[in-house]
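4 protein chains.
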Amino acid sequence: MKSQIVTFLIKCPDQKGLVSKITSFFFEKGFNILSCQQYVNAIEDTYFMRVRLNADGTNISKAVLENSFLELAEPLNFKWSVNYGDKKQQVAIMVSHTSHNLYDLLERAKEGRLACTIKMIISNHDTLRPIANMFDIPYYYLPVTRETKLQQEAEVLNLLEAHKVDLIIMARYMQILSPSFINHFPERIINIHHSFLPAFQGANPYKKAYERGVKLIGATAHYATEDLDEGPIIEQDVKPVTHESTPSTLKRIGADIEKLVLANAVKCHLNNQIIVAGNRAIVFPEAGE
Amino acid sequence: MKSQIVTFLIKCPDQKGLVSKITSFFFEKGFNILSCQQYVNAIEDTYFMRVRLNADGTNISKAVLENSFLELAEPLNFKWSVNYGDKKQQVAIMVSHTSHNLYDLLERAKEGRLACTIKMIISNHDTLRPIANMFDIPYYYLPVTRETKLQQEAEVLNLLEAHKVDLIIMARYMQILSPSFINHFPERIINIHHSFLPAFQGANPYKKAYERGVKLIGATAHYATEDLDEGPIIEQDVKPVTHESTPSTLKRIGADIEKLVLANAVKCHLNNQIIVAGNRAIVFPEAGE
Amino acid sequence: MKSQIVTFLIKCPDQKGLVSKITSFFFEKGFNILSCQQYVNAIEDTYFMRVRLNADGTNISKAVLENSFLELAEPLNFKWSVNYGDKKQQVAIMVSHTSHNLYDLLERAKEGRLACTIKMIISNHDTLRPIANMFDIPYYYLPVTRETKLQQEAEVLNLLEAHKVDLIIMARYMQILSPSFINHFPERIINIHHSFLPAFQGANPYKKAYERGVKLIGATAHYATEDLDEGPIIEQDVKPVTHESTPSTLKRIGADIEKLVLANAVKCHLNNQIIVAGNRAIVFPEAGE
Amino acid sequence: MKSQIVTFLIKCPDQKGLVSKITSFFFEKGFNILSCQQYVNAIEDTYFMRVRLNADGTNISKAVLENSFLELAEPLNFKWSVNYGDKKQQVAIMVSHTSHNLYDLLERAKEGRLACTIKMIISNHDTLRPIANMFDIPYYYLPVTRETKLQQEAEVLNLLEAHKVDLIIMARYMQILSPSFINHFPERIINIHHSFLPAFQGANPYKKAYERGVKLIGATAHYATEDLDEGPIIEQDVKPVTHESTPSTLKRIGADIEKLVLANAVKCHLNNQIIVAGNRAIVFPEAGE
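Residue numbers (my numbering), protein chains in the order written: chain E, 2 to 290; chain S, 2 to 290; chain Y, 2 to 290; chain R, 2 to 290.
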């Protein structure tokens, strides 16, 4: 495990002594604690911790570490996960017609600014294949109609499982995924919605924003759940607009918001900064990373 | 009319030659055009203009000016208004328990940063009277129950009419005004709602924002219409928040947004920057003012 | 110490085991750790911690706590401070002609949104006395000329010491304080500068901003040090402006930025969120407070 | 000229009747005025206008239009230019090692979100050639040393002139261009500086920002002039940062600001939204475009 950065994410009922017990555990195992971030939800009496360790000072194996940690975790009712930073996450991007998020994600991955491997692009249209070609990423064109929806989803599922995909990014994929599909990937599908949720859920948010005469437009990246546009929010941003903006101006201005919001959300996910609690996403900031 | 700044607001069907005809009219009458702002809504084929004039070079009377302008306006189907900047608007502020917007408005008016006279504060509680006393503004405590609502509104109406109030600011007045009351003051009641509308309409927006786990909270100033929280939006702003924020933290952060958003909306109204079209507010920016 | 919130601020050379040692210390003394925030500066190998404790579960006295903590602190080379939250800080506000920051601070203190007691207002002009009277705060008018500068500063110093002032807020006090004065109050004088430092240091920043044609203007709150406008920055913010803005428009827009930036900086100071390291201010965010 | 959008940019001494005279001129020639934006600088008594015309209702030729306009322009001392929107501007991008601005500009041009033709990429390094290849843009590698600087600039100049380049974008080109080179392209070179100018001029702004401990970092797009980082500012933006940010974190956060700021500045230039006056850039907003 030498030279690795190990990240633990922990969620448990709040109780006295947690930070001391957890940090002492890692200290005694020989780890250097790079950062240790906590959040106490006093309304629901729950405790959340993200701890990043440098494994330089220890020879402990993953198995021994995890077994020891279990002894600490069980009596304290931890829900926890650990990431060893030793393999890049495998990512699939799903798109329809819109290219800006796709370009942005491919560029960031290629330039090393998103720590992942883009394994494939899946689309219900063939429109964006040239972009996949530019970046040398396999492109799967799987058209869908109301009648073939379940079958198409099964094909998508097969692809994702065959390639051991860890994370699915819906980068303006304009189809509603079935609950059954979504439940295969809990907290592993990130969607970008082109409004400041919960405003303007559903279709045509820029048209609705124009009609309502709002003075800011936004975008929201969230985990996909069974309820459309209702999943835990990871990142949101807005930009000011004026009465001059038509629905198509809003779309253009919005594209730049969508790019940054989705890229940041994906970065936080890949970087193990997120713990989901009910319908809220605890997103720890980077700690000098 | 010497030395006055005269502001015309015009709304009409779009057609060729409007800017030329309107500006030539004012030029020929001897006015200096300080600024001339237009907006064409190509979706609805409507035209909007705000023109500010310096009357230094003319001796024309108001009556003559308006009669001449009518000759231009009628064949072109103008809806228009003119403000001569020669008397300050009379303002009433309605509040319940919350003090931050009230302090802010009173301070701005006192320091000459809001061009109006605060004639009175009306409240359904007696809580904020000491603030009214600090600023020497009459405070009317008119409690209200479900049973006395219509009667209380009648009293409020009497007060407003007796003092020739031009603008009513609902600075966190936590009562729903009746349609009949609101229709007395079309485009003359400005309300602050403590969320980024249309998200979180109705009561307890900060609690709802916490539960939804949003990453930004906002405030919206709008003209009050019969439909609660549905009126034309004048100004909106947001600030980032995190999972750490409790409903009471959100309330505190939100207070600072509410202050600026309401003050800016009121400034735009007093400064004749707004034309309402349907449910959208055209808010012209200041032009070197 | 029952029911108190105790806050420790710690700065030391970075080394393994710090978080474990510190949190175990407080756990063993019976405290509940409400939050524990760290920052490691890997460039300078320094470690910073802010830990907030609930003293409900312990009967330890301040003296015993501090003596025990010293035993931990000395071998690890801590520089530290502790605040028991049991007395409000005593604050003096220094102003010249400009009223907006003064109103804002007085309102926040009066409404309980700044945890301090405003003991006095000191000014080199008599202009703002009516505001002091509105809020019932003693106002000291101490005019100053080049010749009387040292003497006036001595009078100010006497006042501050006589009233055991903990924090001095320069809310647009347009005099340069002498190094000797400033050195009496290390990290205890907060100044607001009306530009986004380090841009436009010194006098007339809004005029300079106009001339440079910047598209954003800002404000900066910082601790005062011997070098004018060079002290550790606590808080900054900006707002967009356009070519339309004149120096006086910039001044007006800037006033709203200055108010929020100064109020937030003061809040962070009073709330023990700040550790200064060289010329940088480590400002921990609120942790569910 | 049928169906074209014609844009006039006008700068002149302020005087009565300008808007009336100019708009009447275009109305009489049969144009439909799509938008007419003005700015009066009362400090310097200068007047600026951007007027967009739809040529559908006229058969006038460019020559006749311009000759007629001259008769209006000369007595009123106009400096003016006209753009017929009938040919895309030819653009060269200059880069060194940094890829993010390059990707962003190429993507926008390819997707039709920047109205220009990217004719070439010129670099003093061969590093970014693969990106040029992805987008099928000619890449000229012209290395430079202190000794070969003038010669290299002459080669660059030859290339630009041979391809009739209208606009040069310095997308993180880390060489200082000679005054003689810059004077060949007045108001036709746009540079991105990775700080909020005038803060942190010159080299290593992110390192300087870290050392100064600022709480916001920014980027500035400006026209290149003889004085490094002193040219007229077109666009600026900032993002909040904290003490946690290292110089390399700042660089990463800054990259996203740089992309948007440069792309917006280029868009405004290509869209004829800018008039330069001394060291200030008048940037008219889009008018429903």
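FYI, nobody ran anything at the bench for these hints, they're computed from the structure.
Do not take every clue at face value.
Any copy, or any two copies together, can satisfy a pair, since identical chains are not distinguished.
[Said to hold, decoys possible] Below are the PhoX-like pairs computed for lysine-lysine, each with C-alpha atoms no more than 25 Å apart in a straight line:
hint, residue 1, residue 2
1, Lys252, Lys63
2, Lys30, Lys120
3, Lys208, Lys12
4, Lys89, Lys252
5, Lys17, Lys111
6, Lys252, Lys268
7, Lys63, Lys150
8, Lys111, Lys88
Hints, verified against the model:
Proximity of Lys252 and Lys63 under a CA criterion of 25 Å is satisfied in neither setting, with 48 Å inside one chain copy and 34 Å between copies. Taking identical chains as interchangeable, the C-alpha atoms of Lys30 and Lys120 are never at most 25 Å apart, the minima being 36 Å within one chain and 52 Å between chains. Within a single copy, Lys208 and Lys12 get their C-alpha atoms only as close as 40 Å, which misses the 25 Å cut-off; across copies the closest is 23 Å, which meets it. Within a single copy, Lys89 and Lys252 get their C-alpha atoms only as close as 33 Å, which misses the 25 Å cut-off; across copies the closest is 23 Å, which meets it.
Taking identical chains as interchangeable, the C-alpha atoms of Lys17 and Lys111 are never at most 25 Å apart, the minima being 45 Å within one chain and 36 Å between chains. Taking the shortest Cα distances, Lys252 and Lys268 sit within 25 Å of each other both inside one copy (24 Å) and across copies (16 Å). With identical chains, the CA atoms of Lys63 and Lys150 are never at most 25 Å apart, being 42 Å at best within one copy and 56 Å at best between copies. In the homo-oligomer, the alpha carbons of Lys111 and Lys88 lie at most 25 Å apart inside one protomer (16 Å), although the nearest pairing across protomers, at 34 Å, exceeds that limit.
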